[in-house]
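Q: Below are the chains, spelled out letter by letter.
2 protein chains.
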Amino acid sequence: MIDKLMEKIKKTGAPVVVGLDPMLKYIPGQIQEKAFGEYGETLEGAGEAIWQYNKGIVDAVCDLIPAVKPQIAMYEQFGIEGLKAYCRTVDYCKEKGLVVIGDIKRGDIGSTSEAYAVGHLGRVRVGGSSFSGFGEDFATVNPYLGSDGVKPFIEVCKKEKKGIFVLVKTSNPSSGEFQDRLADGRPLYEWVGEKVAQWGEEAMGSAYSYVGAVVGATYPEMGAVLRRIMPRACILVPGYGAQGGTGRDLLPFFNEDGLGAIVNSSRGIIAAWQQEKYARFGPECYADASRQAVRDMINDIASALEGR
Amino acid sequence: MIDKLMEKIKKTGAPVVVGLDPMLKYIPGQIQEKAFGEYGETLEGAGEAIWQYNKGIVDAVCDLIPAVKPQIAMYEQFGIEGLKAYCRTVDYCKEKGLVVIGDIKRGDIGSTSEAYAVGHLGRVRVGGSSFSGFGEDFATVNPYLGSDGVKPFIEVCKKEKKGIFVLVKTSNPSSGEFQDRLADGRPLYEWVGEKVAQWGEEAMGSAYSYVGAVVGATYPEMGAVLRRIMPRACILVPGYGAQGGTGRDLLPFFNEDGLGAIVNSSRGIIAAWQQEKYARFGPECYADASRQAVRDMINDIASALEGR
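Protein sequences appear in the order of chains R and Z. For the first sequence, position 246 (counting from the first letter as 1) is numbered 246 according to this note's numbering, and the numbering increases by one without interruption. One rule links them: number in this note's numbering = place in the second sequence (from 1) + 1000.
Treat the hints loosely; a few may be bogus.
[As the list claims (entries may be wrong)] Computed list of lysine-lysine pairs in DSS-like fashion (alpha-carbon distance at most 27 Å, straight line):
no., chain 1, residue 1, chain 2, residue 2
1, R, K151, Z, K1096
2, Z, K1151, R, K25
3, Z, K1158, Z, K1004
4, Z, K1004, R, K25
5, R, K158, Z, K1151
6, R, K159, Z, K1025
7, Z, K1151, Z, K1096
8, R, K25, Z, K1096
FYI, nobody ran anything at the bench for these hints, they're computed from the structure.
One chain only, chain R, in its complex shape (with noise of 0.2 Å):
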């Protein structure tokens, strides 16, 4: 799946990947309206709402970008039903042949890391079939626990040709509370991008490996540091646009190869009508605005990469 992402980015031109991180507040009044208006001011409605308004934007989206990144929380908040809404954005994406990574930041010991991995990257066995629960090519992992909450993944990462992110240096702002806490004279984020490296060996693709990072475009002066320290590791940016990030912040996570790192932007994109700069696409054709957001990062990122 590593490969298959490399190649996407490579064919687009657009190493970049879209948020679906969907809030109501987001979402334009046709389609809630609709949505209530079938199910009522329920999370069933909730659901339905974001899977529309996911659909209108992928549909605007997916033939200029690699990967889409939803971010699992913003669909848990409504229950059941907005996990129905998840599953359906997954099945989705990969129908429209875009890499789904699932921002679900999971991470626990032992079987229980091993439960996750297999409900989200794997198949689940229930007497003599398997079942896939939610279907996703990468998903983004927390390494507080230390690696026996990391491998269980990589083992189904090996087994199904998939992926993880582990989180090595978040974007927000309290990020260096502990991550960049000095242990033996580095920063802790250094400590666990050297974990990153060591587990990334044993599940390479044929240039990058399974094992992936997550580094903000908000830190590029660790971002660089952690670039050579992971040199064989996608680096997942998030933190581009809305939180601040701009193209020449990117620069560091890129390898010479102008690949190696795949850029985040949620609200900057999924609400881009909201925008000012965005406004005259109006909410009937939000999907068009964030189409015009894609193309201005992607041209952005692009120019940013030329320049160095």
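Dock chain Z against the given chain R, drawing on the hints supplied.
A: What follows is chain Z alone, placed relative to chain R:
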């Protein structure tokens, strides 16, 4: 809810939580056969088997204990159908008067953590209405992302009078890989413990805080240090029983008042019927085996506490 938990611990004399972490291999044949007979060897069949198995255990032990801790991964691996069994289990345990600790180990940034908090501990707004998604009383939270990943949970806890247990030092063998790293002369878990104490100050129940901590029974010396660092935090202690912790190992986790800790056992209780010690019950009476295992666990801890 922390006050309710403490009251129930006092009333039952049992600082004990039963981990409802079902695996199909723990479930007696007669339950599996009935569920698969009705729904086939499907995800739905697995969900039904899990639910019936849980119900039997809950009915057998609910008068002895204050709380249960379903591990969501064990349900999530079966996709939506598994999560339906999780919801049924949560609802049923609450009906039975048990405090429900959702072992979800979620944690993300800002609005995303808020979505998890709302979905699991609060109510999500849909138009003019609000709904409970999963409805647990407590949730476990991963601190790797720092304060802005944890505080949204605390905000929801304050509003709903619910609580969290933050992962500080986990019970697994490789937990030390990152958690024990010496940062500015102190292991990382102590820094996390300091934060737990600080976060907890703003969300106090009558004697204990809404903000608790997870510290593994497998690390009693670290438990003693963390007990001092977080005097007002209830410590959720996994790792007793199947993972190797004994009654004596638990003493450092308790305060002088005999409170302040709640000890989890999962496999040791729910799969007791598969142990030689409880083999006399047989698969038909698996729930009675669980009841006996709970009694033995309560006695083991009480003896240890008396003997100090």
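Q: Just to be careful, I want the Cα atoms of K158 of chain R and K1151 of chain Z compared with a cutoff of 27 Å; is the pair within it?
A: 36 Å, violated
Q: Can you confirm whether the C-alpha distance between K1158 of chain Z and K1004 of chain Z stays at or below 27 Å?
A: 15 Å, holds
Q: Are the Cα positions of K1151 of chain Z and K25 of chain R separated by 27 Å at most?
A: Within the cut-off at roughly 22 Å; holds.
Q: Keeping to a limit of 27 Å between CA atoms, is the pair of K1004 of chain Z and K25 of chain R held or broken?
A: Since the Cα atoms of K1004 of chain Z and K25 of chain R sit roughly 36 Å apart, the hinted pair is violated (cutoff 27 Å).
Q: K1151 of chain Z and K1096 of chain Z: Cα distance at most 27 Å?
A: Roughly 30 Å between the alpha carbons, so the hint for K1151 of chain Z and K1096 of chain Z is violated.
Q: Given the hint that K159 of chain R pairs with K1025 of chain Z, does the C-alpha gap stay at or below 27 Å?
A: Status holds; Cα separation ~22 Å.
Q: With the threshold set at 27 Å, check whether the alpha-carbon distance from K25 of chain R to K1096 of chain Z stays at or below it.
A: 37 Å, violated
Q: Please verify whether K151 of chain R and K1096 of chain Z have alpha carbons no more than 27 Å apart.
A: Status violated; Cα separation ~38 Å.
In this structure, the hints that do not hold are numbers 1, 4, 5, 7 and 8, in rising order.
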